[in-house]
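Top to bottom, those sequences are chains A and E.
Counting in the working numbering, the first sequence runs from 1 upward without gaps.
Counting in the working numbering, the second sequence runs from 1 upward without gaps.
These are calculated hints, taken from the structure and not from any lab test.
Among the clues, some could well be false.
Stated by the list, open to error - Below, computed lysine-lysine pairings styled on BS3-like, alpha-carbon distance capped at 30 Å:
no., chain 1, residue 1, chain 2, residue 2
1, E, LYS30, A, LYS241
2, A, LYS59, E, LYS63
3, E, LYS251, E, LYS216
4, A, LYS241, E, LYS239
5, E, LYS227, E, LYS251
6, A, LYS106, A, LYS94
7, E, LYS117, E, LYS216
8, A, LYS94, A, LYS241
9, A, LYS59, E, LYS170
10, A, LYS94, E, LYS30
11, E, LYS124, A, LYS241
12, A, LYS137, A, LYS59
13, E, LYS117, E, LYS314
14, E, LYS314, E, LYS227
15, E, LYS227, E, LYS79
16, A, LYS94, E, LYS63
17, E, LYS227, E, LYS170
18, E, LYS239, E, LYS170
19, E, LYS280, E, LYS314
20, E, LYS239, E, LYS117
21, E, LYS166, E, LYS314
22, A, LYS94, E, LYS71
23, E, LYS281, E, LYS124
24, E, LYS124, E, LYS227
25, A, LYS365, E, LYS71
26, E, LYS63, A, LYS241
27, E, LYS79, E, LYS239
Claimed, not checked - For each label pair, taking beta carbons as the anchor points, the in silico distance ranges come out as:
no., chain 1, residue 1, chain 2, residue 2, range
28, E, ARG118, A, LYS59, 36 to 46 Å
29, E, PRO234, A, ARG299, 57 to 67 Å
30, A, TRP304, E, ASP246, 25 to 35 Å
Treat the numbers as computed from the prediction; the structure is a model and nothing was measured.
Built from N, CA and C at the ideal position, the CB exists for glycine as well.
One letter stands for each residue in the lines below.
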Amino acid sequence: MKINWRRFIRPHNILATVFIFLVMWLTSFIHIDHHKLDPFTYGIRDYDVTDIVYSRLRKNETVLDNRIVLVNIGQPDRMMLHRMLERIEAAQPKVIGIDLFLEGKKDSLADALLQQTFMRHQNIVVATVLEGYSAEKDYFEREAGCDTSFSSYTRTGFANFPGNKTNTVRIFSYEENVREHSVYAFSAELSRYYDPTSIEVLKKRREDLTRIHYTSNSESFLRFEPETILDTTINLGEILKDKIILIGYLEDYKPDDPIIDRFFTPLNERYTGRTNPDMYGLVIHANVIRMLLDRNYIRTAPKWITFIFALVLIYVNTFFFFWNYRYFWYFKHFPKILYRWAHVVQVIEIALLFLLTAWVFYAFKITIDCTIAIVGLVLVFDLCIIYYYLRQNINFLGKVPDHFPIRHHKKKLAKPDKRQSKPRKAPEDSDTKTIP
Amino acid sequence: MKTLIFYFSLFFSLSLAAQSNLTVTYTRGKVYYYPPQQDNPRTVYPGLTLSSGGRLRCDQDAKVTLLCMGKTFEFEDTKMHFLDEVARTAGNTSSLSFMGRFWGFLTGSMEGTEDNKRLEEHHKQSMESLRAGIKGYAVSDFAIQTDMLFEGKLSDNEVAFTWSAKPDLKCCYRLTRQADDGLVLLTWTRGNTLRLNLADLALEDGGVYEWQIITKIGDPEAPHSRKMQFAYHPSMAAKALSVATDQSDYKTVSPVEQQLMEIFSLEKNSFFYDAYNRYKKLAADNPEDLLVKRAFAAFLARIDKLEEAKSLIK
Chain A
1 MKINWRRFIR PHNILATVFI FLVMWLTSFI HIDHHKLDPF TYGIRDYDVT DIVYSRLRKN
61 ETVLDNRIVL VNIGQPDRMM LHRMLERIEA AQPKVIGIDL FLEGKKDSLA DALLQQTFMR
121 HQNIVVATVL EGYSAEKDYF EREAGCDTSF SSYTRTGFAN FPGNKTNTVR IFSYEENVRE
181 HSVYAFSAEL SRYYDPTSIE VLKKRREDLT RIHYTSNSES FLRFEPETIL DTTINLGEIL
241 KDKIILIGYL EDYKPDDPII DRFFTPLNER YTGRTNPDMY GLVIHANVIR MLLDRNYIRT
301 APKWITFIFA LVLIYVNTFF FFWNYRYFWY FKHFPKILYR WAHVVQVIEI ALLFLLTAWV
361 FYAFKITIDC TIAIVGLVLV FDLCIIYYYL RQNINFLGKV PDHFPIRHHK KKLAKPDKRQ
421 SKPRKAPEDS DTKTIP
Chain E
1 MKTLIFYFSL FFSLSLAAQS NLTVTYTRGK VYYYPPQQDN PRTVYPGLTL SSGGRLRCDQ
61 DAKVTLLCMG KTFEFEDTKM HFLDEVARTA GNTSSLSFMG RFWGFLTGSM EGTEDNKRLE
121 EHHKQSMESL RAGIKGYAVS DFAIQTDMLF EGKLSDNEVA FTWSAKPDLK CCYRLTRQAD
181 DGLVLLTWTR GNTLRLNLAD LALEDGGVYE WQIITKIGDP EAPHSRKMQF AYHPSMAAKA
241 LSVATDQSDY KTVSPVEQQL MEIFSLEKNS FFYDAYNRYK KLAADNPEDL LVKRAFAAFL
301 ARIDKLEEAK SLIK
């Protein structure tokens with residue numbers, strides 16, 4: 001069966017679609033001070049369609065990760081940290097990550113002992129923080145958060161997450177520039193030490209920012225309290241040997257406890273209007289390491305695919321609008337009915353789009369940025385009406401035919417048929433009715 | 001077809017055997033694990049794998065998180081918790097899983113009783129599993145030995161408590177509450193058996209009790225047995241049986257297999273004494289049935305009665 005493309009691809013539908021994209025492009029330059037609209041805007045802004053998948057649709061089954069062990073530091077005390085590190089190092093772990101900022105000098109004895117520990121063991125990574133970002137030069141001014149008396153003898157990795165503390169942590173950067181040299185993220189450095197090939201896979205993805213695939217909460221890891229680590233009756237070697245040990249804040253918190261190193265994540269049970277940060281930074285790092293080691297990344301649909309998807313969707317909607325208008329305009333109250341009907345369709349389509357995005361993420365771990373498609377769907381019917389008025393009033397648009405003309409190829413015939421040489425009459429424009 | 005069924009059941013037995021352990025993922029404060037047939041509790045810490053046959057108790061302000069079959073369980077109170085109940089809750093036994101486990105159990109029993117060597121291995125594995133994977137299983141530093149049969153859960157049937165003492169030795173049977181060490185029963189007996197109908201005693205449903213045989217009150221040096229713990233659950237035995245009888249396959253299998261399903265359910269719910277008595281009766285009623293004989297032998301090996309098991313498969 002031959003499909004007549006002229007029935008579907010029509011000049012006015014194309015022009016209306018272009019008009020919609022043009023309006024969207026122009027409105028993108030308009031800056032709205034959304035702070036005046038808080039807290040509603042904040043709740044919406046901090047929401048991602050995929051959050052519902054993490055929050056409600058993910059499997060509740062907890063799978064224990066036998067490569068990563070979390071250790072709570074409790075009250076940050078350098079002497080305690082030194083004692084804990086010595087106990088842990090005796091158990092021969094593969095690598096230890098300290099998610100604490102060891103800024104400045106404190107107790108001289110504790111500092112000296114801790115420095116000695118760092119000098120003795122080369123498998124320790126200490127967290128730092130990158131400061132002073134220069135957008136022009138695209139680098140950070142300095143790597144702070146760890147005193148040079150420690151950082152000179154140990155590996156470091158920045159623990160910053162892109163975004164600030166009020167935002168949900170969804171992405172991480174594995175490498176950043178600090179002036180002329182590059183530094184790895186805390187989790188990337190640990191992962192690199194544990195499995196050097198893991199970071200190579202990440203590099204091949206050529207992403208500046210990588211979306212974090214959350215697979216675990218703190219229950220998916222063995223968690224030690226300081227007193228358990230320091231208990232000499234326990235043979236830690238059986239449990240910690242060749243593991244990645246992450247040390248940091250990991251209190252067995254209650255919702256009212258003070259917020260220390262806790263962040264919002266997509267695993268938060270409230271996927272909109274979140275009130276309590278739900279995950280410690282240490283557990284986020286553990287999730288990132290798990291993702292890197294398992295090569296279990298979230299894929300993002302390329303921008304050109306999302307653009308084409310939006311283009312097709314909006315074109316289909318313009319087609320739907322004009323088709324309705326063409327065939328049902330003569331009913332008495334048609335404009336009102338069409339307008340209502342169109343908006344019902346609009347709401348259904350947006351809902352389906354949300355579901356589709358969530359399902360694609362759930363099933364294939366692919367995120368689709370449907371912003372253009374959703375904004376387009378919101379505007380499509382109103383802009384179609386505006387376009388219709390423009391068509392009535394702008395001469396150039398009025399002259400555009402309703403269908404693409406049929407082109408006739410000349411056939412090489414010995415005796416040309418006179419009937420065929422006659423120019424064919426162009427189809428009448430049937431859409432020149434005004435809106436009642 | 002039989003081969004297919006065999007592999008199917010073997011698959012189930014292997015997969016479900018691996019699931020019956022509980023992993024400690026977090027502890028705060030002192031948490032104690034009581035392996036079966038062990039007097040001294042062990043301190044629990046993250047990474048330890050516990051057998052579902054044991055019990056767990058937290059000190060004041062202590063907390064423990066366990067992971068079993070993908071589900072986490074937290075305990076903060078000072079009550080004694082039976083891990084088989086935790087494992088059962090995690091498993092959320094469905095018709096499929098029950099039958100899968102049952103066929104796996106039969107397959108395991110047949111494999112573990114092929115000869116004396118296999119039986120010894122089965123016994124050794126069971127004992128190690130009961131003691132949280134710690135090597136070595138001999139517990140014989142008590143002058144008076146007791147049976148594992150009287151641990152776990154006991155229903156309101158008459159129980160013949162037995163121990164390994166000379167028939168003419170005067171022994172004192174002492175029954176106390178585990179929670180507060182309150183005395184429930186203290187009686188002297190000559191011989192090595194005491195028949196008690198637990199329904200006649202003032203025992204609490206779900207309460208945990210300890211019994212011990214001593215030969216001289218107030219003298220810890222005098223011959224004595226280790227303290228045995230049991231939970232009194234008069235109603236739960238019937239529930240355990242109904243798990244088997246409610247299965248849709250229950251009506252389709254032979255009467256002997258029905259009995260085996262019931263016994264399997266009793267054993268899995270830690271009613272070892274009831275299971276033992278029913279096995280004994282089933283074996284007496286079906287002396288030529290190889291399946292019954294070997295299932296019984298495997299059970300005896302699991303409850304540390306190796307010699308009795310060996311004599312059964314001769």
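message = Taking the earlier hints as the rules, which of them does this structure contradict?
response = 3, 4, 5, 7, 9, 12, 14, 18, 20, 30
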